[in-house]
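A.B. asks: Read off the chains here:
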Amino acid sequence: MFDSLSDRLSEAFKKFKGHGRLDEKNIQDGLREVRLALLEADVNFKVVKDFVDRVRERALGRDVLGSLTPGQQIVKVVNDELVELLGGESQGLALDRRPLRIMLVGLQGSGKTTSAAKLALYLRREGLKPYLVPADVYRPAAIEQIQTLARQLDVPVHASTPDMNPVDICREAMAAAHEAGCDALLYDTAGRLHIDETLMDELSAIKAACSPQEILLVADAMTGQDAVTVAQSFNELLDLTGVVLTKMDGDARGGAALSIKSVTGKPIKLVGVGEKLSDLEPFHPDRAASRILGMGDVLTLIEKAQTEFDEGEAEKLADKMLKSKFDLEDFRVQMRRIKKMGSIEGLLKLVPGMGGLVKNLGQAQMPEKELKRTEAIIGSMTMFERRNPAALNASRKARVARGAGVSVQEVNVLLKNFGRMSKMMKDMVGGEAKPGKGLPGMPAGLPGMPGMPGMGEGPDQGSARRKLSKKALAERRKKKLKKKQRKKR
Amino acid sequence: MGFFTKIKKLWKGPGEAAETTPAGPARTEPTPAETAPIQEAATNDWQQDLTLALRQAEPRLSHWLALILKDVDKAGDALWQRLSFLFQALDAPVDEAQKFIQHFKKWLDDLGYQNVSEFRSELQYRLALALDLEDEEDERDRLFLKLSQGMAMTREQIARRIDGLLAAHKTMDERFWEEFEEILIVSDVGMEAAVKLMAKLKARARKAQAADPAEFKDLLRQELEDIFKAPKRIQALNPPEVVMVVGVNGVGKTTTIAKLAHRARMQGRKVLIAAGDTFRAAAIEQLEIWAERVGAGLFAKPEGSDPAAVAFEAVDKAISEGYDLLLLDTAGRLHTKVNLMEELKKIKRVLGKKHPGAPHRSVLVIDATTGQNALSQTKLFNEAVGVDEIILTKLDGTAKGGVMVAVGLQFGLPVSFVGLGEKMEDLRPFSGADFARALVD
Chain A
1 MFDSLSDRLS EAFKKFKGHG RLDEKNIQDG LREVRLALLE ADVNFKVVKD
51 FVDRVRERAL GRDVLGSLTP GQQIVKVVND ELVELLGGES QGLALDRRPL
101 RIMLVGLQGS GKTTSAAKLA LYLRREGLKP YLVPADVYRP AAIEQIQTLA
151 RQLDVPVHAS TPDMNPVDIC REAMAAAHEA GCDALLYDTA GRLHIDETLM
201 DELSAIKAAC SPQEILLVAD AMTGQDAVTV AQSFNELLDL TGVVLTKMDG
251 DARGGAALSI KSVTGKPIKL VGVGEKLSDL EPFHPDRAAS RILGMGDVLT
301 LIEKAQTEFD EGEAEKLADK MLKSKFDLED FRVQMRRIKK MGSIEGLLKL
351 VPGMGGLVKN LGQAQMPEKE LKRTEAIIGS MTMFERRNPA ALNASRKARV
401 ARGAGVSVQE VNVLLKNFGR MSKMMKDMVG GEAKPGKGLP GMPAGLPGMP
451 GMPGMGEGPD QGSARRKLSK KALAERRKKK LKKKQRKKR
Chain B
1 MGFFTKIKKL WKGPGEAAET TPAGPARTEP TPAETAPIQE AATNDWQQDL
51 TLALRQAEPR LSHWLALILK DVDKAGDALW QRLSFLFQAL DAPVDEAQKF
101 IQHFKKWLDD LGYQNVSEFR SELQYRLALA LDLEDEEDER DRLFLKLSQG
151 MAMTREQIAR RIDGLLAAHK TMDERFWEEF EEILIVSDVG MEAAVKLMAK
201 LKARARKAQA ADPAEFKDLL RQELEDIFKA PKRIQALNPP EVVMVVGVNG
251 VGKTTTIAKL AHRARMQGRK VLIAAGDTFR AAAIEQLEIW AERVGAGLFA
301 KPEGSDPAAV AFEAVDKAIS EGYDLLLLDT AGRLHTKVNL MEELKKIKRV
351 LGKKHPGAPH RSVLVIDATT GQNALSQTKL FNEAVGVDEI ILTKLDGTAK
401 GGVMVAVGLQ FGLPVSFVGL GEKMEDLRPF SGADFARALV D
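Just so you know, the protein sequences line up as chains A and B, in that order.
Reminder that position 169 of the first sequence reads as 169 in the working numbering, one-by-one numbering, no gaps.
Reminder that position 34 of the second sequence reads as 34 in the working numbering, one-by-one numbering, no gaps.
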């Protein structure tokens, strides 16, 4: 999401390096680059102006601390200001009132319907019973769209039809949701222009009729300077409670995110980061800031893992590993879980230092595809073979390869990797000897990843490289980086 | 071909003539005089009056329509009579005229419109398309009007700021350019493009030896016209014409396809829409409704089918059933998703294999509210499938679409249409000159 902004900013930060002291001149030069980077990211013009002024004020005349280079110091100042700009503390949805009523508003095509479905899934994970209310009677097939999504999620949906009045729909839905035993209503309103008075009045009427606790503006992360005008208009009329920023998985630099909060004062609460219905995340300003500055976002990764792996299962798994009974069947189960956590690409971006790797992966093959192939290979084995990988002799391997539509070599590569992985896991778990404690899910869940065959590499190369786990690789990168930095100094 | 071909031919005469000599009306003259009395034997006074009025009026669609709709304020027999009278007066084939009226009636029924004020502009739009009159001065003015209405918010802001800028500066000095740069950036033109545009403007100013800000508007208008100049292209092709529509999620691809289909229908072409968005929930149903509304054929496969297969079979259907135009919808995709872009390439390959030369045009749809990301979208879609033209949607909000200046400067791709509202008639051919005029005048 913020990746290319971070590229641009690190360019800007280079300007600060090599100075023993920050003076007006070198701050000026560096800040020009910061300004450019932000403008190219579609951050609102006025917001950029204020931002740069504040950073300048804070950075001016500071002596370089013993431990920080001028570059690092300015990064710190920019980081602090970015967090401030993005909204300081993260603010989640207010989920305490029942029945919970959430209203989604926004321009056409910003992603309200998809966000409504994602939000339904999100709320169910929070233990609520969501009820979807399609209130878009204008766009053809908008109601069918939400009905289809609701079916996929198995969430009840209000029986709206295009000839109903949106205000009536929303009013009646409250009773209907109560009858259906649901306690969280999600109003999906029609997309409208903020200057369309008739339709904007309709929103006011819905608000008056249903008094929702949350009114969320759904905004496209790719919006330009106009984002602020739109957000202001909706906010003035409806007094928004927050913003959902969608399509953050593209290469939009998310300038809208920076501007909206600063101009309306309303926090970004959620972000849409992919096409899957699970790809909706709470927004954390501090983490987004570190992501912008290329520092990774380990906390989000851990939380993602936690939602998918419960502690009990993790313990069971760790136990299995400890006794080195982790077999291909377990591996397959783990793999499926990881897939449920969202796209691998998205996950990798969260690992410090991995942002760049994702770019390279994008050029080559998608790891998702590799995962699918691995799954197919394991799927072609009998349960006996999965439990006892050693039993796979040449003829069994040939059969499996035929079944999965791959070559025998590929089956071999998988088995080899799996063997290496189980050994590594045994070492890891054995070394720490505390299964299931600490970060639940992490030790058990993620070791599945190092074994993923051929992350973008061919089947015959990379045997030496794959011995290293992701973690080790990341560490090595970090060391290298540090060394580089030291050299430069 | 279809509908109204004859009229088009007939029309060519007066339309062209109107510019030079008043010979135009003379050619249409005999028709009302001959046909009306024969059929009705001058039973109705209004026909005589109308004949007279039409003959005296300037040969322009808007004038004729004004006469036809005089004293008519609701849809009904009076309107249909008057419309058929107009067609008769223009010597249009009776069956095609009837077809036009039937279609229009059905459309009014579908939407529940009653008053002339509700559908007048749609009627004029349909007549202009059916009679091939969109290029006429008359229609150009309407487009300009629509464009300036749509961009009213934009224009007000930019024009006001430019005016303020011009008033505040006596010469085009550094301060002047700095402020102008700010205006450009606020309009989403972007830093890089703003710098480029200013360099060009400065060169132009030097060449014209203009230092007075009063001349600035002219310079800007000329420059914008140049940027948006569409290159000449070979229009001839092997039918059916295949148009592939691509873009990121939520830019309005499906609605744009409906509007394109409507246009083509009104121009008398037989249109097939292929539902290539097999991913988004209910995308197919949405197109179904549109296809029915605009009277186009639809080819669809169940949700989740391979979009390349949809494309393949749709071309089959288009060829065997003699369609003139195939509009292929595709699922919205973020341009950074490598696998989805590969899917697009495959669709394009399949089209080309099935029907040489297809897709004849790949159209990229861009949302006018998009900021600098539009550059990245254009770049990656262009790399994947070779974009031929851009359609800019949602220009009726407050967004300025300024990023198109950057896209124009960087890629030289023409903008063929702009979306100016939710109505069918709100998709209009784009001209750089009009855009510039609407923007700064």
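One should not assume that every hint holds.
Claimed, not checked - Pulled from the structure, derived: some chain A residues nowhere near chain B, Cβ distances all over 10 Å: (1) E40; (2) Y122; (3) P140; (4) E144; (5) D154; (6) M174; (7) I195; (8) C210; (9) A227; (10) E236; (11) D286.
Unchecked claim - Chain A stretches covered by chain B per the calculated footprint, using a threshold of three residues with CB under 8 Å from any CB of chain B: (12) 213 to 225; (13) 249 to 256; (14) 325 to 332.
What the hints contain is simulated information worked out from the structure, not anything from laboratory work.
Glycine included, every Cβ here is placed at the ideal spot set by N, Cα and C.
A.B. asks: Indicate, hint by hint, whether the structure satisfies it.
C.D. replies: Here's how the hints hold up against the structure:
no.: 1; hint: E40; in the structure: violated, 6 Å
no.: 2; hint: Y122; in the structure: holds, 18 Å
no.: 3; hint: P140; in the structure: violated, 4 Å
no.: 4; hint: E144; in the structure: violated, 4 Å
no.: 5; hint: D154; in the structure: holds, 14 Å
no.: 6; hint: M174; in the structure: holds, 25 Å
no.: 7; hint: I195; in the structure: violated, 6 Å
no.: 8; hint: C210; in the structure: holds, 25 Å
no.: 9; hint: A227; in the structure: violated, 8 Å
no.: 10; hint: E236; in the structure: holds, 14 Å
no.: 11; hint: D286; in the structure: holds, 25 Å
no.: 12; hint: 213 to 225; in the structure: holds (count 5)
no.: 13; hint: 249 to 256; in the structure: holds (count 7)
no.: 14; hint: 325 to 332; in the structure: violated (count 0)
Violated hints, in rising order: 1, 3, 4, 7, 9, 14; the structure is consistent with all others.
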